[in-house]
Each structure stands twice: as structure tokens, then as C-alpha cells.
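Asks: What follows is each chain in one-letter form.
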Amino acid sequence: MRAKWLRAACLSVVVAACGNGEAIFNIDVYSFIKGTAQDTIPYFVLSGSLDTSSAPQLIRLLGAGSSVVDSVLIAGTDTVQSQSGSGTIAFKLYLAADSAGTRLPSALALSVPAGTVGSAADTISCPPRPASCLLFSSANPLFAKDSVWARIAVTASNTGATPFAGKIVITSLVLSVFINDKIF
Amino acid sequence: MRTSVIGVWVLALTVGWAARLSCQGLVFDARRIGMGGLTLGRSGNLVRYNAAYRAVPPGEDRRGQPKATIPIPLGVIQFLHDHPNLGSDPEFKPGSPGFNPVLAVNTILNLPLYYEIKKAPTPTNNVVFGIGKDSLRVNLGASAQLVPEDQFGISGSSRPLDPGFGIKGVRVSVMGWLHDDVELQLDDNLLGFLADSQSARHDSTYRVFVHGIVQGGFAPTVAYAGRIVGDGSSGLYVGGALHYYLGVAYFRTDGTGGDSIGNPIFANPVNATAQTITQYSRAGNSFGHGVGGDVGVAWISGPIEVGLGVNDIGATITWPDTRTDTAFYTNATGGYSKPGPNHVQTTTKLPVSYIANLGYTVGNTTLGMDVLNTGRGATVHMGGEQRISIWALRGGVARDERKRVEFGWGGGVRLGPLGLDVGFWTHTNSLSNERAVTMATSVSIY
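Those protein sequences? They're chains A and B, same order as listed.
For the first sequence, this note's numbering assigns the number 1 to the initial residue and increments by one for each residue that follows.
For the second sequence, this note's numbering assigns the number 1001 to the initial residue and increments by one for each residue that follows.
Hints listed in this document are in silico derivations from the structure and should not be mistaken for laboratory results.
These numbers were taken from a predicted model, which means no experiment stands behind them.
Every residue gets a Cβ at the ideal spot worked out from N, C-alpha and C, and that includes glycine.
A couple of the hints might just be wrong.
A short, non-exhaustive set of chain B residues, derived as facing chain A with CB atoms under 10 Å [to be verified]:
| no. | residue |
| --- | --- |
| 1 | N1126 |
| 2 | V1127 |
| 3 | V1128 |
| 4 | F1129 |
| 5 | G1130 |
| 6 | K1133 |
| 7 | L1136 |
| 8 | H1202 |
| 9 | D1203 |
| 10 | G1262 |
| 11 | F1266 |
| 12 | L1308 |
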């Protein structure tokens, strides 16, 4: 209880210190998955489409007590390696308080429409945002806790006559959590 | 680290910021407010801190000085208007998303007696936390100026009661005394992390040094105050008091609290650590005892008045029945206390305080200044009053313990035995260089 109060006090004053500004938590998710299998998502589609995903990854947070998370932005880049064939890839991000929860449809926090895969580096974007996406507000409360589990799912669709294969390698991934409690 | 380090800072900051606000010389008298907090005649701090002023007769007092002043707390009305449901107000409710510890602590330490004319703006910058698998950094932006680099805290030394009797300048009394002092200081690691946006380092500790003491008791006192040279219109007054301090109880703690960072940084959620050495003598134990004294002198010559008073000289209290405990806290072990020596002798000191004042009154004009130090740095007040018929105009300037200059101005009207005064007072809150303005109102009885 005391720790909870401290956290509440902490965040309240941090936000209070901002005046009308915000407390922004920039979480370098990539640093948690770099060099592990979780930063690579292979795909191989003979025809039609295939769903594949990374293993759930635990992300440590500071904890925001009872503060209200206003919004969460995600920004990141990836490259496609060993590509063959042609097709499209759609991204989905699932967030939950535990590992198993990321398998549930209700944990969907972001859905990036399918796009054509090229050899150049790709940037996550959700128009009109050129280089970021806004997570679904249903995911916001998760970022008030001291940790969150994340799973990236990919839907690869073969649009050609030959097998569509390759692997997506994430090269950067940052979550920005905005907290804007009204204090004064 | 994480929340606990920031939490420690937040608590320190909360107290520190509020303390900074509280030491800006707030008084209840709108006349004093209008003169920048200046103490005149036998009002305010002069009698408290200058033993000679007990002998200065009212006739030698500053002109225009009322017999009594009753504050009109317009600020309370404003406060209740802003917080109509205080009991359920989220800003005062711990655990609520809107809970604001700064506001809560500041409201307690600075009772909202004054009407806030203009509030000081607060920075609107964002505070950015950078979190990685093995990295943590915070950028407070302009709010980093809130982080106190030096020791900070709150303290007070008061004499709540002094019943007694006097004959021909000699007074015998039993004076109550109370002293409290809380000091905090961030260590270099925590200061660098918060103020300079340094990344958290492996295997480092981020701490706040804490010192706190509260002690109280009573003191049989023999005092003398009288005029040794001069007549009714001018004279040299001296005063002195000898106190035999009897301490009823005291509590003192010194230690550190903070967070110990491991390797990697997020190896464990929180590694809070704290250790303190606590000394205390409960009420009911043998009294502490010590001897100290006050001296004061005041010289009045026509329009000029000069005074100097020093209090609690040599006031060292010896506590013969003290217990010393050591307390520890770590995440792994939790909190535990290790009893130390009991029935041992320890000593404490009361801070020496002093006041120097200068006043000049000619016709309907009064000018003055004073310097007051109660053990935590000097405050300086300069101000004056010009009376025109039933009206009075006032102005003044003050330098507070943080060496920031504040301004006061105001006026009043006197109708027979009653007067109505209004005073305006600037104050700053560390968040901005822009000053806020408050208004005090009071009724004076002449």
C-alpha cells in the first residue's frame, strides 16, 4: 500500500512538475529483444496467407500507480532479409499483463494494414502519422503497471506464383507512453 | 531504482518545495505585509527575539501601531471556493489519480489565509523518461531547477507559553520551548540523475541524507529588562534572561534512504535501502537539562530606534536517559531495528537566533529595517509607512532565506479606534522567476 502511495505521489509530482506538460516514458522495446530470437519473424507462404508471431516478451516499466495513461505511440523500423517471391505483410501487436494474455484477441493493441514487402527498410506508420502509430486506448491501462508482455504477430500473404518467404528483422522499436494527469 | 528513487526525490522535493514556500516570512498583519514583513515597535518578532523590548514602554512605540490586529482570512474563502468538497477532493486524497502531494503539503505548511491575486506560473515542459533493457534516464527539462542542490528542509524554534510574574523589571517565569528541524540532502548520484539527466549506473546507490530532530520542554527563567540610561522620550534599554532548560522529550534521527541499483539495472523492481541511527528520550524519562540565555539591547533617541537581540546562547541540553537504536531496511531483509545502548547520555543544541532592527519615525512617516536569523539563514525586511490624515500608504522589500527579493505594498484607513488594512505581497515558488501576488487584509484596533 505504501509503495503504491509512493508511486502515486511520484507520478503526481512528476506530472505536477510538468505544469501543463506531460510525463513521457520512452521505452526502448528493441533493447529488450535485440540479439534474441524475438527480434526476427520468419515467414514462408506457399499460397494464400500465413499467421506467425514472435514469442511473448516481458517489458519492464516504471509503474505509474493510479495515474491515467493518456495515449501510447509506437515507432519502429524493420528490414526484410532473404526474401523470395512477392506478397504483403500485416503487423499486429498484442499486449497483456501476462504472457498467456497476449494470445487473446482482446489483447490486440495495434493493427497495421498489409503492405507490400520491399527490400528497403520499412517504417511502421499509420497515416496520417508518417512514422508512428497510436495504440488502441484499451491498451493504455497496461502501461500504468510495472511490466507488460508484448507479442508481435505477422500475417504474410503470397500474391505471386512462387513461394513468398523471408524474415522480418526488427531494427528499432520504441513505445512512447504519455501521462497527462491534471494536477493544478 | 525506478519508482523508489524517484519517490524518494519526490518526497524530498515535496517537503523541500513546500518548505521553501513556508520560509518566506508569512505573517498575519496586513500592515506588516504592506511594509515587506517589517517588524516595528513591540509587534511581531521584536519582543520574541529581543529581551530588552519588554521594557520599552508603549509610548516609545512606533506611531500608528495598533494595540491588536485581527486578520481577515479571505484566502480561506478562496480556498473553499476552489475546493468545495475538501473531504472527497481527489487532489487531497492519497491514492487518487489526481492526488497532489505538493498541494497537500503546501496547504498544511502555508495555511491559505491570504487571497491569491496572481498565481506564479509553473513550467509547461514535458518530463521524459528513457527506459531500455539496461538503461534508465530522466530528463526533467526546466523542472530540473526544482531539484535542490544544497541542503534543504524545515525548522522552527518557538516558545509557546511563558507564564510568570514580574517586579521592577525582573521577571520570573516558566517558559515552554519547542525546537524542530528536518534537513534533507541528495547525494551526488541522485543529484546527477535528476538534475543533470545522467543515466542510472550499475551497482550504484542513489540516496537522500536525512537529519531530523524534535525536542521540547520547559525552562524556569529569570529575566530582566529595563532602561539604564535616558528618560521617557529616549533611552537605552537592556534585557537578559537566564533559562534553565528542562527537556521533557526528544527524538533525533540521522541516516540515509534511497535505492541501490544492481547489474543489470532492472534486475529487481525495487532495491530500496535505508539506515538510520535514532536517539530518543521519551516523556517520563529523566529530564534533559541545560543552561542558556538571551540578551538584548534597544536604544531609542527621538525618531531613531535601534535594537539587537540574541536568543538561546549556549543552550546545550544534556539528556541523561537516552536510548539509541539503529534501523535498517532492504528489500531482501525488510525493515528491522537493532536496539542500541540504553540509558546513555546525549546532548542536543538549540539554534542561536538573533534579530537586529532599525527604525526611524518623523512626523507621519515611519521607516525601518530588520534582520532576523532563526538558525536557517537571515531574512531582511525594509519598509515604511506614510500616514496622511486617516489614510496610510505602505511599501517595503524583503530578502528571504533563499536570498530572493520580494516586495510588499498596501494601505489602510483608520476610523477612530478601528482601522482596516490591506497589504500585497509577492512570493516565488522556485518553479518560475515570475512572482505571485497575495493580498492580506486585517482589522486593527487602536
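Asks: Is the shortest C-beta separation between V1127 (chain B) and chain A less than 10 Å?
Replies: Interface hint status for V1127 (chain B): holds (5 Å vs cutoff 10 Å).
Asks: Would the hint on G1262 (chain B) be counted as holding, given a Cβ-Cβ threshold of 10 Å to chain A?
Replies: At about 13 Å, which exceeds the 10 Å cut-off, the nearest Cβ of chain A leaves the hint on G1262 (chain B) violated.
Asks: Hold the hint about K1133 (chain B) up to the distance rule: shortest CB distance to chain A must be less than 10 Å.
Replies: Given a least distance of 4 Å, the restraint on K1133 (chain B) holds.
Asks: Does the nearest C-beta of chain A fall within a distance shorter than 10 Å of the C-beta of N1126 (chain B)?
Replies: With a minimum Cβ separation of about 4 Å from chain A (threshold 10 Å), the hint on N1126 (chain B) holds.
Asks: Min Cβ distance, V1128 (chain B) to chain A: is it shorter than 10 Å?
Replies: holds (5 Å)
Asks: Checking hints one by one. Is L1308 (chain B) an interface residue toward chain A, by the C-beta closer than 10 Å rule?
Replies: Violated, about 42 Å.
Asks: Would the stated hint for L1136 (chain B) survive a check requiring a Cβ distance to chain A of less than 10 Å?
Replies: Since the shortest Cβ distance to chain A is 8 Å, the answer is holds.
Asks: Next item in the hint list is F1129 (chain B). Is there a CB on chain A closer than 10 Å to its CB?
Replies: holds (5 Å)
Asks: Verify the interface restraint on F1266 (chain B): the C-beta must sit less than 10 Å from at least one C-beta of chain A.
Replies: For F1266 (chain B), the interface hint holds, since the closest Cβ of chain A sits about 5 Å away, which is under 10 Å.
Asks: Given H1202 (chain B) was flagged as interface, is its beta-carbon under 10 Å from a beta-carbon of chain A?
Replies: violated (15 Å)
Asks: Using the nearest Cβ pair, does D1203 (chain B) come within less than 10 Å of chain A?
Replies: violated (18 Å)
Asks: Taking the least C-beta to C-beta distance, is G1130 (chain B) closer than 10 Å to chain A?
Replies: At about 5 Å, which falls below the 10 Å cut-off, the nearest Cβ of chain A leaves the hint on G1130 (chain B) intact, so it holds.
In terms of the numbered hints stated before, the structure departs from hints 8, 9, 10 and 12, listed from lowest to highest.
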